[in-house]
Amino acid sequence: MAVPRALKKITETVWELPISYKSGMLVPARIYATEELLAAMDEGVFEQTSNVATLPGIQGYSFCMPDGHWGYGFPIGGAAAFDPKKGVISPGGIGFDVNCGMRLIRTDLSYEEIQPKLSILVDRLFERVPTGVGSTGFVHLSQDEFRHVVEQGARWCLKHGYGTAEDLRRTEENGCVNGADSSTISAKAVERGYKQIGTLGSGNHYLEIQVVREENIFDRTLAEALGISFPGQVVVMFHCGSRGFGHQVATDYLKLFLAKAEKHRIALPDRELASAPFQSKEGQDYFSAMKCAINMSFVNRQVILHRIREVFSEVFHRDPFDLGLHQVYDVSHNTAKLEKHEIGGKTRELLIHRKGATRAFPPGHSELPDIYHSTGQPVIIGGSMETGSYLLTGVEGGSQTFFTTAHGSGRTMSRRQAKKQFQGKALIHDMAQKGIYIRAASLSGLAEEAGKAYKNIDSVVQATEKAGISRRVVRFIPVGNIKG
Amino acid sequence: MTYQYLDDFSIADVAFTAEGKSLEELFQEAGDATMNTMVENLGEIRENTKKRCTLFSRSIEMLLFDLLQELIFYKDAEQLLLRVKNPTVEKTGEGFTLRCTLSGERIDSERHTLIVDVKAVTLSHFSVEETAKGYRATVVLDV
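Top to bottom, those sequences are chains A and B.
Quick note on the numbering used here: the first sequence kicks off at 1 and runs consecutively.
Quick note on the numbering used here: the second sequence kicks off at 1 and runs consecutively.
Since the hints were derived computationally from the structure, they do not count as laboratory data.
Any given hint could be a false lead.
Stated by the list, open to error - For lysine to aspartate or glutamate, the following EDC-like pairs were computed, each having C-alpha atoms within a straight-line distance of at most 16 Å: (1) LYS86/A x ASP370/A; (2) LYS434/A x GLU396/A; (3) LYS466/A x GLU112/A; (4) LYS420/A x GLU40/B; (5) LYS133/B x GLU19/B; (6) LYS51/B x GLU105/B; (7) LYS50/B x ASP7/B; (8) LYS255/A x GLU61/B; (9) LYS420/A x ASP7/B; (10) LYS452/A x GLU386/A; (11) LYS466/A x GLU396/A; (12) LYS420/A x ASP8/B; (13) LYS133/B x GLU24/B; (14) LYS188/A x ASP7/B; (15) LYS91/B x ASP7/B; (16) LYS188/A x GLU78/B; (17) LYS260/A x ASP270/A; (18) LYS255/A x ASP66/B; (19) LYS85/B x GLU40/B; (20) LYS340/A x GLU367/A; (21) LYS85/A x GLU282/A.
Claimed, not checked - Some but not every residue of chain A turned toward chain B, in silico, with C-beta under 8 Å: (22) PRO56; (23) VAL133; (24) ARG192; (25) GLU272; (26) ARG415; (27) GLN417; (28) ALA441.
As the list claims (entries may be wrong) - Listing some non-contacts, in silico: residues in chain A with all C-beta distances to chain B over 10 Å: (29) LEU26; (30) HIS69; (31) ASP108; (32) ALA225.
Cβ coordinates follow ideal geometry from the N, Cα and C atoms, glycine included.
Bound-form chain A, shown alone:
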């Protein structure tokens, strides 16, 4: 057990490392977890959450969510808010896969309706949504067009027939963060990314067909308001990000910030926490470049949604909107955003870094589309390919974490260990026995994603509810899956 002796219990689900725990800490570190989840956390969680607490301008606390584990700079599941005038921006607080995120689509189809065609559906999705190492996408752009696309975000998709205005309304930032300036991105980042719009990636990225079961609806009223209205209902969920483009943006600026660290006199407990003052030229350039990557990821998920609609329409010979394929919401995991929050009794604009963590705005928040004003922001938390995923909503109590909650289940076993313990073909067979049809670009990669390599998603989600930072609405069971 890696839990430091200095960790204090604040509540059943909130644990604190005081400022005295490590030299240089400006605020305490707070870990959100049940005692069981806490005991299983690696020492990197405590080390990194307390390192983040040393960064200039940090406000409130350095947070780690219940799915937290060791990451780069920030832990995965980490979140921190900074004073935009005096604080820093750090690529380690966002991650290489900028705006890695989740999108959920509801349908009017029942499991009984899709079951006879499930393998055709999954096979067709596997053919039509590129996955795996070095894959290229189905949207063909020149490099100049790509630069334009990353500034426009999902608005470009709307103009070019890849989505609806409703899709954009039901996406964080309406699918486009303003202030994305392509002059702040490198030629290398463009070269790396311009052929990848419309690709899923690999590793823990996936596209799943899931089903609602009666016993998994926790709040029927909220579920209906979010478009989940009957047992047996089929939904589609997928997880992917900004691909090579976002990865290169992160690498470019990580290197730049390291080179400038001496100039800015920022003491770094970890090179991966390389930062720049938010108001510096480097800081503002990175913020703009990061926004280009956020927008690219929104475009990526929007065109994949379009492809999903096409496939469902082909298989069921009906218009996708007749099939009820409406987006529920799209959430981001890895971003830095300027948001207004209450702190010290005042409303202030803060720069919130979320790294493997999800925004969860409460009911009534001004940034929510009208349809979700009364419900709170939909939050999508993905489990392993064998266990299923959750739809939750943000709640008022989330103000304690700047309206941030968990993003997934987090791993318990390294990829190498998982490959030694599990076999891809055996997993495919076992999952078929459980009624899950899966197509994977790599059997080896699939073994790395075995369900037993991940934390119990139920425990993670229950911890967020117990802590009062999000509320469970419904759990989805996987029946079909494509993986890279």
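Starting from the structure of chain A, add chain B where the hints point.
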């Protein structure tokens, strides 16, 4: 084989150490370890595409970092799986210059047993150190 993956080092990603009697050998081994993260069998990569590569950095560590990043760049930008051939590392001015050939071919999912996509080389625990036998690098890749 003078690289080995570290099973318990990185829970969500891939970590390895590579060794070489010389910096050139180290760089070659680290390149292979990076490729081997994505392709099951390096022998499956035919060498029908060659790219000249010249990199400069103020430190040996960041020179290796840049080389491994270059392999990842080509994997995405041109869908190439490349191995490091004939590297030379020289002290030049205030830093070091690497010259090598990157040799390989386009990804072919029919022939290449692909594993997982590498997103980036991280600076987490990233190091190049001298040892009694030569050099050792520790690298964590984000996948």
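Problem - 16 Å Cα cutoff - pair LYS420/A, GLU40/B - result: 14 Å, holds
Exercise for the section: Double-check GLU272/A for me: the hint is only fine if its C-beta lies closer than 8 Å to a C-beta in chain B. Expected result: Result: holds, 5 Å to nearest chain B Cβ.
Handout entry: Assertion that HIS69/A lies outside the chain B interface [Cβ separation over 10 Å]
Key = Not fine: 6 Å to the nearest Cβ puts HIS69/A too close to chain B.
Handout entry: Hinted pair LYS133/B and GLU24/B, Cα distance within 16 Å
Key = 14 Å, holds
Problem - Satisfaction of hint between ASP7/B and LYS188/A, Cα-Cα up to 16 Å - result: 32 Å, violated
Practice task
Tell me if ARG192/A is really an interface residue toward chain B, meaning its C-beta lies closer than 8 Å to one of theirs.
Solution key: 5 Å, holds
Handout entry: Per-residue hint verdict: PRO56/A, partner chain B, C-beta under 8 Å
Key = Cβ of PRO56/A sits 20 Å from chain B, so the hint is violated.
Practice task
Quickly compare the C-alpha distance for LYS340/A and GLU367/A to 16 Å and report which way the hint goes.
Solution key: Holds: LYS340/A and GLU367/A sit about 10 Å apart, inside 16 Å.
Problem - Given pair status - GLU78/B, LYS188/A, alpha carbons within 16 Å - result: 12 Å, holds
Practice task
Could you grab the alpha-carbon distance between LYS133/B and GLU19/B and see if it respects the 16 Å cut-off?
Solution key: 9 Å, holds
Exercise for the section: Quickly compare the C-alpha distance for LYS85/A and GLU282/A to 16 Å and report which way the hint goes. Expected result: 14 Å, holds
Problem - Given hint GLU40/B paired with LYS85/B - CA-CA distance at most 16 Å - result: 19 Å, violated
The structure shown violates the earlier hints numbered 1, 2, 3, 7, 14, 15, 19, 22, 30.
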